[in-house]
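Chemist: These are the residues of each chain, in order.
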Amino acid sequence: MKRYVYIGIVAFIVIVTYPFWSAGKAKKPEPKLDTPEIQKLVEKKCVEPKEFMKREHMKLLNQWRDAALRDGTRVYVNSEGKEFTVSLQNTCMKCHSNKKKFCDECHNYAGVKPYCWDCHIAPKEEEGQI
Amino acid sequence: MRIIGSLLLVIVLLLIAYAGSGPAGLTPLFGIVIPYIAIGIFILGFLWKLLKWARSYVPFRIPTTGGQQRSFPWIKWSRLDNPATGTGVIGRMVLEIFLMRSLFRNTRSEIVGTKLVHGSSKWLWIGAMAFHWAFFIVLIRHMRLFIEPVPGYVHFLESLDGFFQIGHPRLMMTGVVLIGAGVYLFLRRWYIPQVRYISLPADYFPLFLIIAIATTGVIMRYFTKTDIVAVKTLLLSLMTFSPQIPEKEKIDTIFYIHLFLVSALLAYFPFSKLMHLGGIFMSPTRNMANNLRVKRHVNPWDYPVKVHHYEEYENEFRDKMKASGIPVEKE
Numbered sequence: 012m013k014r015y016v017y018i019g020i021v022a023f024i025v026i027v028t029y030p031f032w033s034a035g036k037a038k039k040p041e042p043k044l045d046t047p048e049i050q051k052l053v054e055k056k057c058v059e060p061k062e063f064m065k066r067e068h069m070k071l072l073n074q075w076r077d078a079a080l081r082d083g084t085r086v087y088v089n090s091e092g093k094e095f096t097v098s099l100q101n102t103c104m105k106c107h108s109n110k111k112k113f114c115d116e117c118h119n120y121a122g123v124k125p126y127c128w129d130c131h132i133a134p135k136e137e138e139g140q141i
Numbered sequence: 188m189r190i191i192g193s194l195l196l197v198i199v200l201l202l203i204a205y206a207g208s209g210p211a212g213l214t215p216l217f218g219i220v221i222p223y224i225a226i227g228i229f230i231l232g233f234l235w236k237l238l239k240w241a242r243s244y245v246p247f248r249i250p251t252t253g254g255q256q257r258s259f260p261w262i263k264w265s266r267l268d269n270p271a272t273g274t275g276v277i278g279r280m281v282l283e284i285f286l287m288r289s290l291f292r293n294t295r296s297e298i299v300g301t302k303l304v305h306g307s308s309k310w311l312w313i314g315a316m317a318f319h320w321a322f323f324i325v326l327i328r329h330m331r332l333f334i335e336p337v338p339g340y341v342h343f344l345e346s347l348d349g350f351f352q353i354g355h356p357r358l359m360m361t362g363v364v365l366i367g368a369g370v371y372l373f374l375r376r377w378y379i380p381q382v383r384y385i386s387l388p389a390d391y392f393p394l395f396l397i398i399a400i401a402t403t404g405v406i407m408r409y410f411t412k413t414d415i416v417a418v419k420t421l422l423l424s425l426m427t428f429s430p431q432i433p434e435k436e437k438i439d440t441i442f443y444i445h446l447f448l449v450s451a452l453l454a455y456f457p458f459s460k461l462m463h464l465g466g467i468f469m470s471p472t473r474n475m476a477n478n479l480r481v482k483r484h485v486n487p488w489d490y491p492v493k494v495h496h497y498e499e500y501e502n503e504f505r506d507k508m509k510a511s512g513i514p515v516e517k518e
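Top line first, the protein sequences correspond to chains A and B. For the first sequence, the numbering used here begins at 12 and goes up steadily by one. For the second sequence, the numbering used here begins at 188 and goes up steadily by one.
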């Protein structure tokens, strides 16, 4: 009977410490913003402030999808009153043409698999190209 | 008072975390020190409980017999509810742990008209299944923040959990189910007078704590948001024993509240009813085979008893017995 207790204790320790022994090397993601399109911009600004985009971009993208596809609204007016075309491929990806370095870097790190690319065509990127 | 007291305790914990990591700025305490201490208490406390239970004596076979025991070959034997072999016990335990079989057999008695009626009652089983499975899946999904690269099974679970692709970040069903089932189990405790009568703060407090943990998690994911990359960096640094609070990115207070409540749960765990996680494996009424009619089980506490039977007694006192006129068997 005692044998089972020892097996149980070992199993408990292995399971509980699982995140400790499998954590892996922490390599912080570094999303890159230096695409040719962004370099060309005079005022390097996204549709909304950076902090907002960092936290809320997924919500904004969801609103854009609903606006463009369900309501047919193709114009987005941002907090500064500037107008943008509601389009992932033509507005977002025009500047952020580096999906691998810009999107995937953080998404992979945080284990997020957005379903944008179920419908949209992901931009073709070659290795080495930014 | 039992309910309000437990609720207040959770609110106090929430406020401590809010004040400590927000205005007081003690993020290293709430992000590093307390989680480490909590994990330490959890592991050591859990082991202490397991060893304590393992040391206790179980001299007799006491499985609950939920069906016909093994007998003659022409009598139908209830293999899972009255297992006589090790395999049967494993089958019983698997069903118990994954499907809560004994809760499934819950019954309810009521007086209908003039008759006492017994009927099946599955409501507790449904609530408990939803609660436990949702909690378990939520826990596994969190591995995305503890392991780099993120393992495939986490992605698989997330794809199932967010199957309906509602909103962005997409809605995880288990989060809704966990809070819903937690609230349901609380309301059940509260509304049914008999259950309310036997409920203690030790029943309400963990329930409220888990509901609070799930709620802060849901708020963080869907509403206020937090810098998830910074959160993972912090957690990975904790897991690799090189703790570092990310300086540049500021992790929101809500994250520290969530983490502190989880730490409180972990530290409370070994000393509470939540230890049924370990206890289920060590329940003699579930983990023993009913082979009483197959094997001879000798009571391990039997020891040679010093007896003094009548013959010896008479031999010792014969003279005195005769002298006082007490009849004796041997002259």
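Rather than coming from a laboratory, the hints here were simulated on the basis of the structure. Hints may contain errors.
[Said to hold, decoys possible] From the structure, some residues in chain A lie toward chain B, with a derived Cβ separation under 7 Å:
no.	residue
1	R14
2	I18
3	A22
4	P30
5	F31
6	G35
7	K39
8	L44
9	F63
10	M64
11	H68
12	N73
13	A79
14	L80
15	Y87
16	A121
The beta-carbon is built from N, C-alpha and C at its ideal position, and this holds for glycine as well.
Chemist: Each of the hints needs a verdict: does it hold here or not?
Modeler: Evaluated hints:
1. Because the smallest distance between the Cβ of A/R14 and any Cβ of chain B comes to about 11 Å, over 7 Å, the interface hint for this residue is violated.
2. The interface hint given for A/I18 is violated, since its Cβ lies 10 Å from the closest Cβ of chain B, which is over the 7 Å cut-off.
3. A distance limit of 7 Å between C-beta atoms decides the matter here; for A/A22 the minimum to chain B is near 9 Å, and the interface restraint is violated.
4. Taking 7 Å as the C-beta contact cut-off toward chain B, the hint placing A/P30 at the interface holds, the least distance being around 4 Å.
5. The closest approach between the C-beta of A/F31 and any C-beta of chain B is roughly 5 Å, which is under the 7 Å cut-off, so the hint is satisfied.
6. Interface hint status for A/G35: upheld, as the beta-carbon distance to the closest one in chain B is roughly 4 Å, under 7 Å.
7. Against a cut-off of 7 Å between C-beta atoms, the interface hint on A/K39 holds, since the closest Cβ of chain B lies about 6 Å away.
8. Given the 7 Å rule on beta carbons, the hint for A/L44 is violated: about 15 Å separates it from the nearest Cβ of chain B.
9. Among the interface hints, the one on A/F63 is violated; its C-beta lies about 10 Å from the nearest C-beta in chain B, farther than the 7 Å criterion.
10. Taken as an interface hint, A/M64 does not check out: its beta carbon lies about 11 Å from the nearest beta carbon of chain B, beyond 7 Å.
11. Interface restraint check: A/H68 against chain B, minimum CB-CB distance 9 Å, threshold 7 Å, status violated.
12. Hint status for A/N73: holds, given a least beta-carbon distance of 4 Å to chain B, under 7 Å.
13. This hint is violated: A/A79 has a C-beta 14 Å from the nearest C-beta of chain B, more than the 7 Å allowed.
14. Nearest Cβ of chain B to the Cβ of A/L80: about 14 Å, over the 7 Å cut. The hint is violated.
15. A distance limit of 7 Å between C-beta atoms decides the matter here; for A/Y87 the minimum to chain B is near 16 Å, and the interface restraint is violated.
16. With a least beta-carbon distance of about 5 Å to chain B, the hint placing A/A121 at the interface is held under the 7 Å criterion.
When each numbered hint is compared with the structure, violations occur for hints 1, 2, 3, 8, 9, 10, 11, 13, 14, 15.
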